[in-house]
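*Asks:* The residues making up each chain are set out below.
Number of protein chains: 2
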Amino acid sequence: MAEWQTYLHEHKDRFINELIEFLRIPSISSLPEHTSDVQHAAEWVEARMKAAGIESVEIMPTGGHPVVYGDWLHASDKPTVMIYGHFDTQPVDPLYLWDNPPFEPIIKDGCIYARGASDDKGNMFIPIIVTEALLKTEGSLPVNVKFLFEGQEEIGSPQLPDFISANKELLSCDLILSADGGQWEENQPALILGTRGLAAIFIDVQGPDHDLHSGTYGGTIANPIHALVEILDSMHEKDGRITVDGFYDDVRQLTDEERGQIGQTPFDEAEYLGEVGALSTFGEPGFSTHERAWARPTLEVNGIYGGFQEEGLKTVLPSTAHAKISCRLVADQNPSKIADLVQAHVNKVAPPGVKVTVKKSESGAIPYLVPVSEPGMRIAGSVLREVYAKEPYQVRMGGTIPAMGIFLQYLQTYTIVFAFGLKDERQHSPNEFFRLSSYERGQKAYGMFLHRLGEQYLR
Amino acid sequence: MAEWQTYLHEHKDRFINELIEFLRIPSISSLPEHTSDVQHAAEWVEARMKAAGIESVEIMPTGGHPVVYGDWLHASDKPTVMIYGHFDTQPVDPLYLWDNPPFEPIIKDGCIYARGASDDKGNMFIPIIVTEALLKTEGSLPVNVKFLFEGQEEIGSPQLPDFISANKELLSCDLILSADGGQWEENQPALILGTRGLAAIFIDVQGPDHDLHSGTYGGTIANPIHALVEILDSMHEKDGRITVDGFYDDVRQLTDEERGQIGQTPFDEAEYLGEVGALSTFGEPGFSTHERAWARPTLEVNGIYGGFQEEGLKTVLPSTAHAKISCRLVADQNPSKIADLVQAHVNKVAPPGVKVTVKKSESGAIPYLVPVSEPGMRIAGSVLREVYAKEPYQVRMGGTIPAMGIFLQYLQTYTIVFAFGLKDERQHSPNEFFRLSSYERGQKAYGMFLHRLGEQYLR
Chain X
137 MAEWQTYLHE HKDRFINELI EFLRIPSISS LPEHTSDVQH AAEWVEARMK
187 AAGIESVEIM PTGGHPVVYG DWLHASDKPT VMIYGHFDTQ PVDPLYLWDN
237 PPFEPIIKDG CIYARGASDD KGNMFIPIIV TEALLKTEGS LPVNVKFLFE
287 GQEEIGSPQL PDFISANKEL LSCDLILSAD GGQWEENQPA LILGTRGLAA
337 IFIDVQGPDH DLHSGTYGGT IANPIHALVE ILDSMHEKDG RITVDGFYDD
387 VRQLTDEERG QIGQTPFDEA EYLGEVGALS TFGEPGFSTH ERAWARPTLE
437 VNGIYGGFQE EGLKTVLPST AHAKISCRLV ADQNPSKIAD LVQAHVNKVA
487 PPGVKVTVKK SESGAIPYLV PVSEPGMRIA GSVLREVYAK EPYQVRMGGT
537 IPAMGIFLQY LQTYTIVFAF GLKDERQHSP NEFFRLSSYE RGQKAYGMFL
587 HRLGEQYLR
Chain D
137 MAEWQTYLHE HKDRFINELI EFLRIPSISS LPEHTSDVQH AAEWVEARMK
187 AAGIESVEIM PTGGHPVVYG DWLHASDKPT VMIYGHFDTQ PVDPLYLWDN
237 PPFEPIIKDG CIYARGASDD KGNMFIPIIV TEALLKTEGS LPVNVKFLFE
287 GQEEIGSPQL PDFISANKEL LSCDLILSAD GGQWEENQPA LILGTRGLAA
337 IFIDVQGPDH DLHSGTYGGT IANPIHALVE ILDSMHEKDG RITVDGFYDD
387 VRQLTDEERG QIGQTPFDEA EYLGEVGALS TFGEPGFSTH ERAWARPTLE
437 VNGIYGGFQE EGLKTVLPST AHAKISCRLV ADQNPSKIAD LVQAHVNKVA
487 PPGVKVTVKK SESGAIPYLV PVSEPGMRIA GSVLREVYAK EPYQVRMGGT
537 IPAMGIFLQY LQTYTIVFAF GLKDERQHSP NEFFRLSSYE RGQKAYGMFL
587 HRLGEQYLR
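Chains as they are written, first to last, in the numbering used here: chain X, 137 to 595; chain D, 137 to 595.
Keep in mind the hints are simulated off the structure, nothing from the lab.
Certain hints may be false.
One copy or two, either will do: identical chains are not told apart, so a pair holds if it fits within one copy or between any two.
[What the hints assert, rightly or not] Simulated pairs of lysine-lysine, BS3-like, Cα-Cα distance not exceeding 25 Å:
(1) LYS450 with LYS496
(2) LYS484 with LYS374
(3) LYS244 with LYS580
(4) LYS484 with LYS580
(5) LYS473 with LYS491
(6) LYS484 with LYS495
(7) LYS559 with LYS450
(8) LYS244 with LYS496
(9) LYS272 with LYS148
(10) LYS526 with LYS580
(11) LYS580 with LYS272
(12) LYS186 with LYS148
(13) LYS450 with LYS495
(14) LYS304 with LYS491
(15) LYS473 with LYS450
(16) LYS559 with LYS526
(17) LYS496 with LYS473
(18) LYS473 with LYS484
Since the model is a prediction, treat every value here as computed from it, not as a measurement.
Looking at chain X on its own, in the form it has when it is part of the complex (with noise of 0.2 Å):
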């Protein structure tokens, strides 16, 4: 074993308390109350990089929830690679779903109980410790680091496009790791290969200026809930293709070859059903589900509502309705022409005798698409491959993180997520966990990573 290895293991006992301290600051970045949290934890952040060894350690402002910037950049000849992660949290509501509170870390059957233990504070503070265990048995990286830790992941990171703009310099690198995302199951490790990105309108219906009798009315003044059905039917055709036009002008078609790497991981249909409670599946016809969920782009209303909503019948004609609808892109989309698109075809569609009004969200995103032939991409398969014995799946992710486009677009730099989250762990639900054992198996593959990446990486 390593020297690296070594020291991990006989400090094992310290990270895990030094994990269970992060869990206990409550970072919530959805909430105005927890600003001073996500502040705290920045702070804590920024002291334990610097106990690590970490230096040029400094909390940089965004306009909204800090960053935590670190560097350690004394291997000449050698590529930097930049590590990033997030330390805010979602909310934790319901409470009274969760078996423990939520800010109380426990330890159960290996499992350390809390929110943000597995998305993301147990997986980003893995870097931190393998870089300290490096320097104290070594004294140096086998390459350059960078350390990008944000506080506003779970809002969205609005403020971070601007902040890696401003930033282009400082943040230069030859490729990115992030330490937010997972692995496919516990002994199956996987390459994602991309992501989706996203694009978001509102769109309100107003009719009357204040509800009316449906009795008196009904029949001679346009319904809003009407008008508002009538544009959302209009953008799907009944077997889930979308009808906005030009939505999939600039996707990038499935390769036969991407298509087979795609069919390679396995798919239950029965699992799948049983884990979300559906009848059957349903979507684009000529895709498969996987294909579907990692190469197509979607337009889903995720919220609908107007007029009467509570028990029982009150006959009125409503006065507004209202829906939210965020659409999932794929290379080569872009957010905002896509937002556009969506514009467009609510005004060309909206009915008479309502006024209809669309507000594009600020929630955007790009989509993300690496080349498995990346040489980062080779490295952590070649790790995942050791680490987990098992050959790694390639796949994408149907869900977004708005960072790695961001990264994309503006340093024009690849992202390899590294990281070692497992679905069934609960993010963004009660009674979130982190296996202790990815724990220790994502320290082990970082520490592999930063030396592999330092012996075979041709800048």
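Here the structure of chain X is known, so what remains is to put chain D in place on it, guided by the hints.
*Replies:* Relative to the frame of chain X, chain D by itself:
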């Protein structure tokens, strides 16, 4: 002036004070905490009817709020009229919009302000007063009179059909007067020939058994909001026509004469749109606004909800979506048949991947239409013509008075709306009021009606 009219004039102040006493009872039928107040109102009506000289007065149970029955049946060889009204009221919320507490009546500028003043306590008290005046001055009534006052009109008279059906003998009569309803304008009377019926259904769409991450699952699992908008949008043509199979089959078509009558009622589109605050009128092609509101059926979504409805964006693929639908019906549509047709339509168009459930509402009302040639209608017309010195319009109501359909169904007897509320009197809204001029005019009209009925009606 006839003696009974002099009596009404001399006791005018007492009748106002008694109405104030009646209006002080917060008999809100929809709120369980006011159940005893509805009972209290029934007792007040019972006592007041007895004091007026009405006989056989009795509070009768219905299974819900009670009815108060009474009669005076000593006009042998004369027809029997039953007078209907209700002593329950709408709720008062939002309370802060009332200038004066809703159950502390005040008189201001010739109007009495209180919840229930116009709908329906002020109106239903009129025939009681008139009966007292006739009995005190003439010693008898010109016709036989039965009184049926109910306490659950504002919740859709759920127990009234069973009550009527179980008491056909007691309630048998030659015609019915409804003291619930209204006139066209302060100086313009109207004969109400029809009211629309009601059928309602609730649609629940179940997708996955919990809200899903729209990134992970978007595009692979049917979204229940999409399914719901597809179902709802399939119910209308773009021009407003209802596409449910068989929906219009039993609609009695307007004759040219009827369309002529309706066309004679003035309609000012700018004023109408100003009242509702809408951009334009909208509805079934080939019909005027009054025809649409009075003589054509509707299918309106009264409420819709599903997924995320708060501020901002939450990228869920929701578990469920819901809609509440009510149809206004016209002669000779049957509420139960229409609910079945709408249910069949939903089942026919329900898309795959979700579970769609249709619940039929217990709120149903058969549509009502009385021939203008009905003897009672002719007498009502002659009284209104004299009292207002104006030819009454022949109109219909877009709304629903369930009792009128129930009476026609179970007693095979037509109901003549003979009431004096006006549509600006904020029934169901804050600051409801009733004009004291209408109160007096109604008393005169009821006295004249009973006399003319005794003179002109041929059994």
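*Asks:* Confirm or reject each hint.
*Replies:* Cross-check of the supplied hints:
no.	hint	result
1	LYS450 with LYS496	between (32 Å within a copy, 14 Å between copies)
2	LYS484 with LYS374	both (20 Å within a copy, 14 Å between copies)
3	LYS244 with LYS580	within (23 Å within a copy, 84 Å between copies)
4	LYS484 with LYS580	neither (56 Å within a copy, 58 Å between copies)
5	LYS473 with LYS491	within (23 Å within a copy, 35 Å between copies)
6	LYS484 with LYS495	within (15 Å within a copy, 35 Å between copies)
7	LYS559 with LYS450	between (42 Å within a copy, 19 Å between copies)
8	LYS244 with LYS496	neither (44 Å within a copy, 49 Å between copies)
9	LYS272 with LYS148	within (15 Å within a copy, 101 Å between copies)
10	LYS526 with LYS580	within (16 Å within a copy, 96 Å between copies)
11	LYS580 with LYS272	within (15 Å within a copy, 104 Å between copies)
12	LYS186 with LYS148	within (19 Å within a copy, 91 Å between copies)
13	LYS450 with LYS495	between (29 Å within a copy, 15 Å between copies)
14	LYS304 with LYS491	neither (44 Å within a copy, 51 Å between copies)
15	LYS473 with LYS450	between (40 Å within a copy, 21 Å between copies)
16	LYS559 with LYS526	within (19 Å within a copy, 77 Å between copies)
17	LYS496 with LYS473	within (11 Å within a copy, 44 Å between copies)
18	LYS473 with LYS484	within (16 Å within a copy, 37 Å between copies)
Hint compliance for this structure: hints 4, 8 and 14 are not met, and every other hint is.
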